[in-house]
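Peer 1: Going line by line, the protein sequences match chains A and B.
Note that full-length UniProt numbering gives residue 134 to position 134 of the first sequence, counting from 1, and the numbers run on in steps of one.
Note that full-length UniProt numbering gives residue 80 to position 80 of the second sequence, counting from 1, and the numbers run on in steps of one.
The set of hints was computed from the structure by calculation and includes no laboratory data.
Misleading hints may appear alongside valid ones.
[To be verified] Straight-line alpha carbon distances no greater than 20 Å define the calculated SDA-like cross-link-like pairs of lysine to any residue that follow:
#1 161(A) x 10(B)
#2 109(B) x 31(A)
#3 139(B) x 157(B)
#4 139(B) x 11(A)
#5 109(B) x 21(A)
#6 139(B) x 9(A)
#7 139(B) x 8(A)
#8 109(B) x 18(A)
#9 139(B) x 40(A)
#10 139(B) x 43(A)
#11 161(A) x 14(B)
#12 161(A) x 282(B)
#13 139(B) x 51(A)
#14 161(A) x 139(B)
#15 109(B) x 49(A)
#16 161(A) x 157(B)
#17 139(B) x 99(A)
#18 139(B) x 322(A)
#19 109(B) x 161(A)
#20 178(B) x 8(A)
#21 324(A) x 23(B)
#22 139(B) x 47(A)
#23 109(B) x 11(A)
#24 139(B) x 24(A)
#25 139(B) x 14(A)
#26 324(A) x 178(B)
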Amino acid sequence: MASKLTLSNRTGWTFVLPGFALIVTFIVLPFFFAIGLSLTNQRLLSPNPTQFVGLENYRQLLGLAVVTLKPERNDAGEIIRNEAGEIQYPRLREITRSEAYPQFRGMREWFRWQSGENVMVVIASDVVFMKALVNTFLFVLVVAPVQGSLALMLALLINHKLRGINLFRTIYFMPVVVSIVVVSLLWRFIYDGQNGLLNSILQALTFGLFQPVDWLGNPSTALPAVMAMSIWQAVGFHMVIWLAGLQTISPTLYEAAAVEGASRWQTFRYVTWPGLRNTAVLVLVVITMQGFALFAQIDVMTNGGPLDSTQTLVFQAVERGYGKQDISGGSTISVILFAIVLAISLIQRWLTRER
Amino acid sequence: MAFNPDNHGLRLFVRYLVLCLIALIFIFPLVFMINSSFKPDSQLLADTSSLRAFLPVGDISLNNYFGAFRRAPVGLFVLNSVLVTGATVLLSLLICSLAAFSFAFLRWKGRDVLLSIVIATLIIPFETIAIPLLLLVSKLPWIGLDGLHWGWLNTYRVQIIPWVADGLTIFLFVQYFKGLPGELIEASRVEGANWWQVYYRVVMPLSGPVLATAAILKFLVMYNQYLWPLIVVQQESYRPVMVGLGYFFQLNVAWGEVMAYLTLITVPVLIFYLLLQRAFIASIASTGVKG
Numbered sequence: 001m002a003s004k005l006t007l008s009n010r011t012g013w014t015f016v017l018p019g020f021a022l023i024v025t026f027i028v029l030p031f032f033f034a035i036g037l038s039l040t041n042q043r044l045l046s047p048n049p050t051q052f053v054g055l056e057n058y059r060q061l062l063g064l065a066v067v068t069l070k071p072e073r074n075d076a077g078e079i080i081r082n083e084a085g086e087i088q089y090p091r092l093r094e095i096t097r098s099e100a101y102p103q104f105r106g107m108r109e110w111f112r113w114q115s116g117e118n119v120m121v122v123i124a125s126d127v128v129f130m131k132a133l134v135n136t137f138l139f140v141l142v143v144a145p146v147q148g149s150l151a152l153m154l155a156l157l158i159n160h161k162l163r164g165i166n167l168f169r170t171i172y173f174m175p176v177v178v179s180i181v182v183v184s185l186l187w188r189f190i191y192d193g194q195n196g197l198l199n200s201i202l203q204a205l206t207f208g209l210f211q212p213v214d215w216l217g218n219p220s221t222a223l224p225a226v227m228a229m230s231i232w233q234a235v236g237f238h239m240v241i242w243l244a245g246l247q248t249i250s251p252t253l254y255e256a257a258a259v260e261g262a263s264r265w266q267t268f269r270y271v272t273w274p275g276l277r278n279t280a281v282l283v284l285v286v287i288t289m290q291g292f293a294l295f296a297q298i299d300v301m302t303n304g305g306p307l308d309s310t311q312t313l314v315f316q317a318v319e320r321g322y323g324k325q326d327i328s329g330g331s332t333i334s335v336i337l338f339a340i341v342l343a344i345s346l347i348q349r350w351l352t353r354e355r
Numbered sequence: 001m002a003f004n005p006d007n008h009g010l011r012l013f014v015r016y017l018v019l020c021l022i023a024l025i026f027i028f029p030l031v032f033m034i035n036s037s038f039k040p041d042s043q044l045l046a047d048t049s050s051l052r053a054f055l056p057v058g059d060i061s062l063n064n065y066f067g068a069f070r071r072a073p074v075g076l077f078v079l080n081s082v083l084v085t086g087a088t089v090l091l092s093l094l095i096c097s098l099a100a101f102s103f104a105f106l107r108w109k110g111r112d113v114l115l116s117i118v119i120a121t122l123i124i125p126f127e128t129i130a131i132p133l134l135l136l137v138s139k140l141p142w143i144g145l146d147g148l149h150w151g152w153l154n155t156y157r158v159q160i161i162p163w164v165a166d167g168l169t170i171f172l173f174v175q176y177f178k179g180l181p182g183e184l185i186e187a188s189r190v191e192g193a194n195w196w197q198v199y200y201r202v203v204m205p206l207s208g209p210v211l212a213t214a215a216i217l218k219f220l221v222m223y224n225q226y227l228w229p230l231i232v233v234q235q236e237s238y239r240p241v242m243v244g245l246g247y248f249f250q251l252n253v254a255w256g257e258v259m260a261y262l263t264l265i266t267v268p269v270l271i272f273y274l275l276l277q278r279a280f281i282a283s284i285a286s287t288g289v290k291g
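Based on the sequences and whatever the hints tell you, model everything.
Peer 2: Structure (structure tokens):
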């Protein structure tokens, strides 16, 4: 195609322009907007002019410190204990509201632990954001390996010439085409504490020994429940990507392995897995991106609760940017989210670079 | 290892058993949804404690469907979704394939830079730009039949136009076009066809598979839209089906009606999927070749 026939600046630009202009307007521009807005106090509708506030929004979100609470002592220098023998500590407020520590002003307790006779308290400017950050990472760290490997197992199971195998592939993929909103609502029924299908099934399997759990109403089970449902919903998607990868592996390699007398595990380890390297990277990248975007499940199932145990970054960005009309606060979370996604994809690219 | 036909039969049986059990895991919420949509609320909730939850038994009727239509403007929500999805899919196929045509077949100044920018947008998740985009569309101008307006909130266009062009669709077209024989394009140029004619007389007729892929991917994204319409459409008259769901959670929740609504908005997509399942699965698989 190196002839003059294909050289045309005018036509080239004309054909590209509509699509490129749309991408610039609705993807590239908002992306730079996000960065700009995160440095202001912009609101969706506000009578006051927008002001430049520098990194204040970031400080408001990311402010984090550890303070040590020393036991209260009486005049003799002995540790004061209450009737139950517990050590008495000064209240955190005495630090976060003290004139002596302006840097801790307005911060709240996130969590604490005992260290000898002292107590260490982690305080944060925005505890809800911190919980959202941790939950989002937890979600990705659990869902990526579990969903990725379950999807691979399904793909290996399906990748056989068996009568009717297409039917099973079709069924396993089915939740992918159903809206995540619909799926989330259905799973509210499955997880319900009173009429939930999951409790019924578990009770039937244990002959009534199982105590019903309010899966979404309990802070320790809510996030795992959302994880399990998310894995269920999209595992078929990744199964299909693994299948596409499996089909690129030459059958002659399997024939050679069979001739050499390789066991099934050896065949997988030395033929299948090396052939899936690129697919593995892709599956991980896609799950990671989807995981950091976690929103609809939370909005439909838990609203971030109970006790902020299912807060996520996108849910917080939307709650602030749209719910509270705090565009700058929502944009700041978006920028932090993007920085994380970018860093992770750079790390993944570096780990899987061609050597 | 000696080949034992009995052993082979047993292994085959176990394999099918495993496949069926896994199939049950994927299908049971949908079976529950469809069956529940025919039951009155009291029975629906009582049935969840037994296998009856998955069977169309007891007091079966279409009452929930009538109730859903009485409770919410279901027809309007469906119409909105069909309109927004249809318009976006069609515009996207046209605009993205034109851009890809230019990237794949033409040589012009700035081509490589523009293509890199398009590819680079693949790394920006929509969720990270939703909030600034909300501010942007709330201030954009629009010239309608009745003059100039400011602000795109509560319209069809705000649900359609930002979704028309995207990096993945353009990329899929570029990949496909690069696989087409270049001589064909040169030959039609030699015969005096202009570029527009090459596009719609030569390239488009050869692009069935990639058009299907791009259409299916866009369809799934658009019909299942939730976050974006949730924040840009407050007026009921422009709401799509997924956001319309909120209607059923005001005041007292009638679960039978919710199930009827969910069935109504899901089953057509499932039928569509079952009819075209090879194309659906192929389109997801083709997103995997980008690596």
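Peer 1: Would you mind marking each hint as holding or not holding in the structure?
Peer 2: Taking the hints in turn, this is what the structure says about them:
Between residue 161(A) and residue 10(B) the CA atoms are separated by roughly 17 Å; this keeps the pair inside 20 Å, and the hint holds. In summary, the hint linking residue 109(B) to residue 31(A) is not supported, as the alpha carbons are separated by about 25 Å, beyond the 20 Å threshold. For the proposed pair residue 139(B) and residue 157(B), the alpha carbon gap of about 13 Å is at most 20 Å, so the pair holds. Simply put, residue 139(B) and residue 11(A) have alpha-carbon atoms about 32 Å apart, too far for the 20 Å limit, and the pair is violated.
At roughly 17 Å between alpha-carbon atoms, residue 109(B) and residue 21(A) fall within 20 Å of each other, so this suggested pair holds. Using a Cα cut-off of 20 Å, the hinted pair residue 139(B) and residue 9(A) is violated, with the two alpha carbons roughly 33 Å apart. Straight-line distance between C-alpha atoms of residue 139(B) and residue 8(A) comes to about 36 Å, which puts the hinted pair past the 20 Å bound. Between the alpha carbons of residue 109(B) and residue 18(A) the distance comes to roughly 17 Å, so the proposed pair stays at or under 20 Å and holds.
Proposed proximity of residue 139(B) and residue 40(A) is supported: the alpha carbons are some 18 Å apart, at most 20 Å. Between the alpha carbons of residue 139(B) and residue 43(A) the distance comes to roughly 13 Å, so the proposed pair stays at or under 20 Å and holds. Restraint check: the Cα-Cα separation between residue 161(A) and residue 14(B) comes to about 16 Å, which is no more than 20 Å; the hinted pair holds. With a C-alpha separation of about 18 Å, the suggested pairing of residue 161(A) with residue 282(B) holds against the 20 Å cut-off.
Straight-line distance between C-alpha atoms of residue 139(B) and residue 51(A) comes to about 18 Å, which keeps the hinted pair within the 20 Å bound. About 56 Å separates the Cα atoms of residue 161(A) and residue 139(B), which puts this hinted pair outside 20 Å; it is violated. This hinted pair does not check out: residue 109(B) and residue 49(A) have alpha carbons roughly 42 Å apart, beyond 20 Å. Between residue 161(A) and residue 157(B) the alpha-carbon distance is near 47 Å, which puts this suggested pair outside the 20 Å criterion.
A threshold of 20 Å between alpha carbons decides the hint, and for residue 139(B) with residue 99(A) the separation of about 44 Å lies outside it, so the pair is violated. The straight-line distance between the Cα atoms of residue 139(B) and residue 322(A) is roughly 15 Å, inside the 20 Å bound, and the hint therefore holds. Restraint check: the Cα-Cα separation between residue 109(B) and residue 161(A) comes to about 50 Å, which exceeds 20 Å; the hinted pair is violated. Proposed proximity of residue 178(B) and residue 8(A) is supported: the alpha carbons are some 18 Å apart, at most 20 Å.
Proximity of residue 324(A) to residue 23(B) is assessed by CA-CA distance (about 43 Å); at most 20 Å being required, the pair is judged violated. Between residue 139(B) and residue 47(A) the alpha-carbon distance is near 15 Å, which keeps this suggested pair within the 20 Å criterion. For the hint linking residue 109(B) to residue 11(A), the alpha-carbon distance of about 11 Å falls within 20 Å, and the restraint holds. At roughly 16 Å between alpha-carbon atoms, residue 139(B) and residue 24(A) fall within 20 Å of each other, so this suggested pair holds.
Straight-line distance between C-alpha atoms of residue 139(B) and residue 14(A) comes to about 27 Å, which puts the hinted pair past the 20 Å bound. This hinted pair does not check out: residue 324(A) and residue 178(B) have alpha carbons roughly 48 Å apart, beyond 20 Å.
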